[in-house]
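With the hints as a guide, dock the two chains, each given alone in a separate frame, to form the complex.
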Amino acid sequence: MSTENMSTKLDRRSSKHAKWNLWLNKFGVYFMVILFIAFGTLISDKFLTVSNFMNIIQAVAMLGIVAVGVSFITYSGHFADMSVPVIMAFSGIIAVGAVKYGIVISILLGIAAGLSIGLVNAFVIGKLRANPIIWTLAVAFVMNGFIRWAYSGNQIYPDVESKGNVAGQIFVNLSRMNVFGSLPLMVLVMFIVVIIGQILLTKTKFGLQLKLIGSNYEAAKMTGVNVSRTVGLAFILSSVTTSIGGIFLTSLAKVGAYYNGIGYDFNAVTAIVLGGMTLAGGRGNAIGVLGGVFTLGLLSNIMTLIGVDTFSQAIVKGIIFIIVVGINAKSLRKLGRDDA
Amino acid sequence: MGENKSGLALSMNHVSKRYPGTLAVDGVDFEVCSGEVHALIGENGAGKSTLMKMIAGSFSDYTGEICINGKEVRLSSPSIAKENGIEMIYQELSLALSLSIAENVLVGNLPTKGIFVDRKAMVERTRDRLKRVGLEHLDPLMPVKDISQHEAQLVEIAKALGNNPCILVMDEPTSALSREEVERLFKIIDSLKKQGLAIIYISHHLPEIFRVADRVTVMRDGKRVGTYEIEEVNAGKLVELMVGRSVSEFYSSRSTHLGEEMLRAEHLSRYGFFHDVSFNVRAGEILGLYGLAGAGRSELGRSICGADPIDEGEIHLKGQKLAHKNMGQALEAGVAYLTENRKTQGLALRLTVGENALAALIPKHTKNFFYSGKDDKPVLDRLISDLQIYPPDPSRTVGNLSGGNQQKVLLSKWLSISPKVLILDEPTRGVDIGAKMIIHQAIEKLAGQGNAVILISSDLPELVAMSDRVVIMRKGHLIGEMNKGEFNEETVLLAANGEGGFVNVN
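Residue numbers (our numbering), protein chains in the order written: chain Y, 1 to 340; chain S, 1001 to 1506.
Read the hints as simulated data drawn from the structure, not as lab findings. No residue lacks a Cβ here, since even glycine has one placed at the ideal position from N, Cα and C. It is possible that some hints are incorrect.
Below 30 angstroms or equal to it, Euclidean Cα-Cα: the simulated DSBU-like pairs (lysine-lysine) are [to be verified]:
id, chain 1, residue 1, chain 2, residue 2
1, Y, Lys-221, S, Lys-1420
2, S, Lys-1325, Y, Lys-205
3, Y, Lys-205, S, Lys-1420
4, S, Lys-1321, Y, Lys-127
5, Y, Lys-205, S, Lys-1367
6, S, Lys-1082, Y, Lys-203
7, Y, Lys-26, S, Lys-1343
8, S, Lys-1445, Y, Lys-221
9, S, Lys-1367, Y, Lys-221
10, Y, Lys-205, S, Lys-1343
11, S, Lys-1420, Y, Lys-203
12, S, Lys-1367, Y, Lys-330
13, Y, Lys-26, S, Lys-1374
14, Y, Lys-26, S, Lys-1367
15, S, Lys-1082, Y, Lys-330
16, S, Lys-1343, Y, Lys-127
17, S, Lys-1318, S, Lys-1484
18, S, Lys-1367, Y, Lys-127
19, S, Lys-1364, Y, Lys-127
20, Y, Lys-127, S, Lys-1325
21, S, Lys-1377, Y, Lys-221
22, S, Lys-1377, Y, Lys-205
23, S, Lys-1364, Y, Lys-26
24, Y, Lys-221, S, Lys-1374
25, S, Lys-1343, Y, Lys-203
Residues of chain S placed beyond 10 angstroms of chain Y at every Cβ, according to the derived structure [claimed, not checked]:
id, residue
26, Asp-1128
27, Leu-1141
28, Glu-1355
29, Lys-1413
One-sided excerpt, in silico: chain S residues whose CB lies under 8 angstroms from chain Y [unchecked claim]:
id, residue
30, Asn-1326
31, Met-1327
32, Thr-1339
33, Thr-1344
34, Gln-1345
35, Leu-1351
36, Ala-1359
37, Pro-1363
38, Thr-1366
39, Phe-1369
Only chain S is shown next, with the shape it has when bound in the complex (with noise of 0.2 angstroms):
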């Protein structure tokens, strides 16, 4: 054991899965090896989600052969990929958050005697996992709301492991953990390898992947790339192997022509959220809002357009008092927000491309108590091309759309009513390097046009990179801000915590 290549877990042989309209999976080989983490990287859309989930037993109507060591199986559903030893761990955390650690870990198959759950044998097994996965200290019986999200996810694990499984997939471990918490995951990683667990590991962030990865599939457009060992390939490598193409620039640097002051907030308070923030925005201008969690950026970006309501302090646009009840009004005036949350706040997935796409022009579309839809197409029609949505189809549901498409769509509903402020909350949260550079054009763009940008980001270089202007907010207030030219990650990220030097506003 401990032995990379022991035996194959898991071999894939040409599988194909169909959506309506989509090929996501096209004719992929894909094989990981017992005691081996074989990452799987590729853009969004590339079929990572949608193979995963075929293994995960999602689909009865996948095409081609999958064999677990060495025996084909039929994955046709969730429970015949549990008996074959599969358990996956996602990005969004599937505990009860108000049950304790040790019924969320042992769901499904508590212990009981008689009819009643025998808890002495719930509590001593609930322990023996956690200490598979380092959290001993933790106490069994406490609810899951009260541990911190690391932890939470490190019982997801635990949970995963109580069945014994001989494959773990793990979909972006570590998306809400922090540095110190993601380098104890990877040492748990590390010995679940030594236990000569198969271990499937997707992400975004290419540094993890070379601190825990043996080998890496690349993905492209529902297609197998390539595979390869880990000591064969780069960063950059793996980035033009994604995105199909080299990535030279980036991040283009850009002229700004700054106008007049657009938006000004002045002492703006929503108690219990944020207090007494006072900043402004000229016509032009990206204004970087950075903040750690908590800090209250979303909750005032959301007060702002009118989401929620603002206890003091008054906003003025184009140096008239904004005096919106609702986000109608403020759409109205021309101030719009684009959520951080595209599933659940941001699209209706049911509904196709175009009318999420012409959602916010309704109002404005209506003449005489009649919807005119005779300016949708050409609109549709700049959108898509600008965006480079694709498949570039206006009936198609949103929801078949990979995720990086669904918010360029989410963001082609605020650009088809061109806003005069648009603050975005996290625009390019979760989504491939390719849609980010047209998401980042897009506002570019929206911005040389004359209009104002506020840019909540937790993404540091995007923030540094596109901003001309960083202010930073620490628990509720805003604390500094920093002009361009005298900001970088670093000096961003020592701000939000409080320390180093910027100019401060107060």
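This is chain Y alone, in the form it adopts within the complex (with noise of 0.2 angstroms):
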């Protein structure tokens, strides 16, 4: 009898210690936020300051709306889309070369034209089962010649484009414009792109279904879920959320060229994979990557403000992705989850 007693109460322990661990999957990242917010105090005067959080926060924001639209597909277990650097300077010339039809269209037709990357990607991957970063890498190489030659290699710019019409401005001002007094365009659409994905992940059938596919494809299919389609629109909204993002980078560059975007698929998947998603799929959620996000924005900023150049930080960057993905390994198998 006391035996048992005993049992339960240990029982009853290392539950305890497994839901922590578990939350610590989940939300830890922000454990990290916190400190490097510390860590920044300490180390410069300059730090806490609004002025230099809204930069942080302004310059995570385009990286945060791409983040979350891959992270629907690393949370499926098919890893990144590799091809988000292209879908971004593709969406963006699209958009640039549209801008004499208005800001509207050209918004729209930037969008179209990441789109149409991400629904070959979704069928590709989706209906024949395609490696997804073999064929995103490919997708990657022929949609990044393609542009080069569709344009001659040459770049192109919003305000010549525009052809002295006013939309070519306020193409250019995207990403510089305010709304609700303070608050750049940018970020409020890095918000509402993660509360959108955070409400697709936790409360629909298609998040439901795709932690499912995430964490086991074999079982989901045996299920009776429509994996196929499922898989695929998680590599549609991706592509959607990439143009987003795009099309705000070509704005801030304030020019459209087939160079734009590149590191964004890497930065990507570190901010995911920092945010407590694993790279097996079906676990983490869209708060967690924007964590990640925070995270890598305030490394940046803390970084430049020691005087870190652009080459090293990009050393950091990498080393904390390795060191990341091994902690996470190890977590999970410590939790027992020797398939993770």
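What follows is the structure, given as structure tokens:
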């Protein structure tokens, strides 16, 4: 009797421990955010100011918009979309090209351009079951070449393309304008994307079935989930948010070019994994991803404040990625999930 | 040598291992002598596999003391276990199918000449090892995929013997073997025993244990119940020890109320798998579907539920033609299929009991785009108590549950939507007696509520006891059917082999 009592007590304690571990996996990234903020405050008095924080959030807004979209793919166990940079470049360049028809048409056509790549990815990966990394890498190469061929390697400029139309100026302002007083539009869009993403992932049939797919593709299939359609939808959603990010990026750069968006694929995956989504799939959420994005933003900001150059920053980010993936795999194994 | 108990090969003193939430092995003492076959039995979840994983060096965080040949060792990694002469043979073979026998047997220490593999030495060494397991007739250069299942099992043993182990652990080594092959394996085990090897033999089949073991240790709930000389015990006693209660009525007789025809298959074919199959099943009926491996049973089940296509023929559900293009549509109509492969196709092991059990309910509980979880809790509570899922906590990760409880979760996924027709493919494979009884009761209850059940099972006692009617498949054809009272284990098996008397439906 007494031994039984003891073992149930132990049982309860370790179950609490497991729950704590799960919680840590879900939102633990915000501890890192707090840690970075504390560290930043210590090393520079310029750090803890409203304007600096606005800078940080604005700097990562595009990454946030992109990463939430890509996180659908990670969540489904299909790793990532390596065609993210080319989708950003393509949507941006098409939007610039269409700016002469007005700003609304320009934005819609830009998103449609990125979406078209997403639709192809959705079909080839969702339906034909191509390897997501290899396929999206191939798409990135082909589309990159196509854009350079189509524009003869040239960049195009919104102010030139608009032919004096006011839309050119609006396009450039998209990434610079504030709404509700001093809230940058980009940041507003990022929060909206995060909220929609969080709801989609946790409150809808799509999200719940995506989790099942990410946890065990075959089991999801044998539970009657339409796996092709659901995985395809993840790639389509990713391409849409990536296009929105691409249009903002192009607006910020004031130029549509094939090289826009370089590095966003890798940064997005780093933010996603930092945010508690395992590459194995089926774990994590959009709010966590946002935390990952903030972490990267704080890291860049602090490194810039203490005078680390961009090349070294890239190295640091790469190393962090490796460490995070390692810790992630290890903590999952500790929870008894060998398959993660 | 050859003398029992010539020395302790392995002794484990008060070892324990904790998973999050469960103490899988709880202060167990276990010992094996050289030249002894020591059987280890227990229900799924009793802690056998965890104890064996401990011996194999899978855990670095166990507590207690392990001695090998009298010397204390810390088995914290698989390579340390191997160095100490421990070899495992698992249920699932670990051979690389496209490589040759020789490459598989000598993996990790292929003989080399300079930087190249020395093929001649490789062949010779492999032949030596194959001789020890009675496979001298095999060509060492043959790829493993070309040899039979039984030979592969022996090759696996030859591979393990190559490292000159002193302790050999065999986990259900006969699950894929025929009767004669099992006998041949036992002869080899006998000869290994004479060579002084300590063998730990894990099995669910009690007759095998009485044939091969010298002593038997029974485990229950992570603890050792006792160790007995094999002469001291009989099958009934062992079952009682494993289950912890006496199993008087294993299969209860149930009264069946057959209703109207629920599902009718008309001339179904899927080219290359099954041909011109016609049968029906009525409401409240449990229809047994039997056939030897490769007869097309599972393929038929998968096609009916929409997981695989149908090339010809029609399915009628309650008199209406079922025109499903995929599993989702079949499910909507009320036809579900419980896969035989729990781990790869059945459950998402990383998710919780609740998430798995409710997986099939997601579309039903989605209204106006949003999933409503307000009905989740009562449904879950009912499933967990009906199937006595242990631990009764829906937030547990399924992968940490025992095999029997995993199987219950898998079944609960379909019970949650009460399908009109449920096709069960090996619903109790590798499941202990306690869980089996609960699963059988749940199946009978489902049928009793006026649903139809198609039971595919290789477990003849189960099939015979559960079914109201049995249909037999052989080589892709449905060759006959037998009604309650007309069949027993023997006639069903004979029919599946194309012999014996049965009603031919064609």
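Here is how each hint holds up against the structure:
Between Y/Lys-221 and S/Lys-1420 the alpha-carbon distance is near 20 angstroms, which keeps this suggested pair within the 30 angstroms criterion. A distance of roughly 20 angstroms separates the Cα atoms of S/Lys-1325 and Y/Lys-205; the hinted pair therefore holds under the 30 angstroms criterion. Between the alpha carbons of Y/Lys-205 and S/Lys-1420 the distance comes to roughly 23 angstroms, so the proposed pair stays at or under 30 angstroms and holds. For the hint pairing S/Lys-1321 with Y/Lys-127, the CA-to-CA distance comes to about 28 angstroms; that is within 30 angstroms, so the pair holds.
Taking the CA atoms of Y/Lys-205 and S/Lys-1367, the gap is near 9 angstroms; set against the 30 angstroms cutoff, the hint holds. Using a Cα cut-off of 30 angstroms, the hinted pair S/Lys-1082 and Y/Lys-203 is violated, with the two alpha carbons roughly 49 angstroms apart. Taking the CA atoms of Y/Lys-26 and S/Lys-1343, the gap is about 25 angstroms. The hint holds against a cut of 30 angstroms. A distance of roughly 27 angstroms separates the Cα atoms of S/Lys-1445 and Y/Lys-221; the hinted pair therefore holds under the 30 angstroms criterion.
For the given pair, S/Lys-1367 sits about 22 angstroms from Y/Lys-221 by alpha-carbon distance, which is consistent with the 30 angstroms threshold. For the suggested pair Y/Lys-205 and S/Lys-1343, the alpha carbons sit about 23 angstroms apart, so the restraint of at most 30 angstroms is met. With a CA separation close to 28 angstroms, the supplied pair S/Lys-1420 and Y/Lys-203 stays within the 30 angstroms bound. A hinted pair counts as satisfied when its Cα atoms are at most 30 angstroms apart, and S/Lys-1367 with Y/Lys-330 does not qualify at roughly 39 angstroms.
For the suggested pair Y/Lys-26 and S/Lys-1374, the alpha carbons sit about 23 angstroms apart, so the restraint of at most 30 angstroms is met. For the hint linking Y/Lys-26 to S/Lys-1367, the alpha-carbon distance of about 27 angstroms falls within 30 angstroms, and the restraint holds. For the hint pairing S/Lys-1082 with Y/Lys-330, the CA-to-CA distance comes to about 24 angstroms; that is within 30 angstroms, so the pair holds. Proximity of S/Lys-1343 to Y/Lys-127 is assessed by CA-CA distance (about 24 angstroms); at most 30 angstroms being required, the pair is judged to hold.
Annotation: proposed proximity of S/Lys-1318 to S/Lys-1484 holds, straight-line Cα distance about 23 angstroms (limit 30 angstroms). For the proposed pair S/Lys-1367 and Y/Lys-127, the alpha carbon gap of about 27 angstroms is at most 30 angstroms, so the pair holds. About 25 angstroms separates the Cα atoms of S/Lys-1364 and Y/Lys-127, which keeps this hinted pair within 30 angstroms; it holds. The suggested pairing of Y/Lys-127 with S/Lys-1325 holds, with an alpha-carbon distance near 15 angstroms, which does not exceed 30 angstroms.
Under the criterion of a C-alpha separation no larger than 30 angstroms, the hint pairing S/Lys-1377 with Y/Lys-221 is consistent with the structure, at around 25 angstroms. With a CA separation close to 18 angstroms, the supplied pair S/Lys-1377 and Y/Lys-205 stays within the 30 angstroms bound. The suggested pairing of S/Lys-1364 with Y/Lys-26 holds, with an alpha-carbon distance near 27 angstroms, which does not exceed 30 angstroms. Taking the CA atoms of Y/Lys-221 and S/Lys-1374, the gap is about 25 angstroms. The hint holds against a cut of 30 angstroms.
Of the pairs offered as hints, the one joining S/Lys-1343 and Y/Lys-203 holds, with about 27 angstroms between alpha carbons and a cut-off of 30 angstroms not exceeded. The claim that S/Asp-1128 is not at the interface with chain Y holds, since no C-beta of that chain comes within 10 angstroms of its own (minimum 35 angstroms). No Cβ of chain Y comes within 10 angstroms of the Cβ of S/Leu-1141; the nearest lies about 33 angstroms off, and the non-interface call holds. A beta-carbon of chain Y is positioned within 10 angstroms of the beta-carbon of S/Glu-1355; the least distance is around 7 angstroms.
Listed as outside the interface, S/Lys-1413 is inconsistent with that label: its C-beta sits roughly 7 angstroms from the nearest C-beta of chain Y, within the 10 angstroms cut-off. With its C-beta approaching chain Y no nearer than about 7 angstroms, S/Asn-1326 sits inside the 8 angstroms limit, and its interface hint holds. With 8 angstroms as the threshold, the beta carbon of S/Met-1327 comes within range of chain Y, its nearest partner Cβ sitting at about 4 angstroms, so the hint holds. For S/Thr-1339, the shortest C-beta to C-beta distance to chain Y is roughly 5 angstroms, which falls under 8 angstroms, so the interface hint holds.
Given the 8 angstroms rule on beta carbons, the hint for S/Thr-1344 holds: about 6 angstroms separates it from the nearest Cβ of chain Y. Look at S/Gln-1345: its Cβ gets to within about 4 angstroms of chain Y, closer than 8 angstroms, so that hint holds up. Because the smallest distance between the Cβ of S/Leu-1351 and any Cβ of chain Y comes to about 5 angstroms, under 8 angstroms, the interface hint for this residue holds. Because the smallest distance between the Cβ of S/Ala-1359 and any Cβ of chain Y comes to about 5 angstroms, under 8 angstroms, the interface hint for this residue holds.
For S/Pro-1363, the suggested interface contact is upheld, since its CB lies about 6 angstroms from the closest CB of chain Y, less than 8 angstroms. Interface hint at S/Thr-1366: satisfied, since its Cβ lies 4 angstroms from the closest Cβ of chain Y, which is below the 8 angstroms cut-off. Checking S/Phe-1369 against chain Y by beta carbon gives a least distance of about 6 angstroms; that is within 8 angstroms, so the hint holds.
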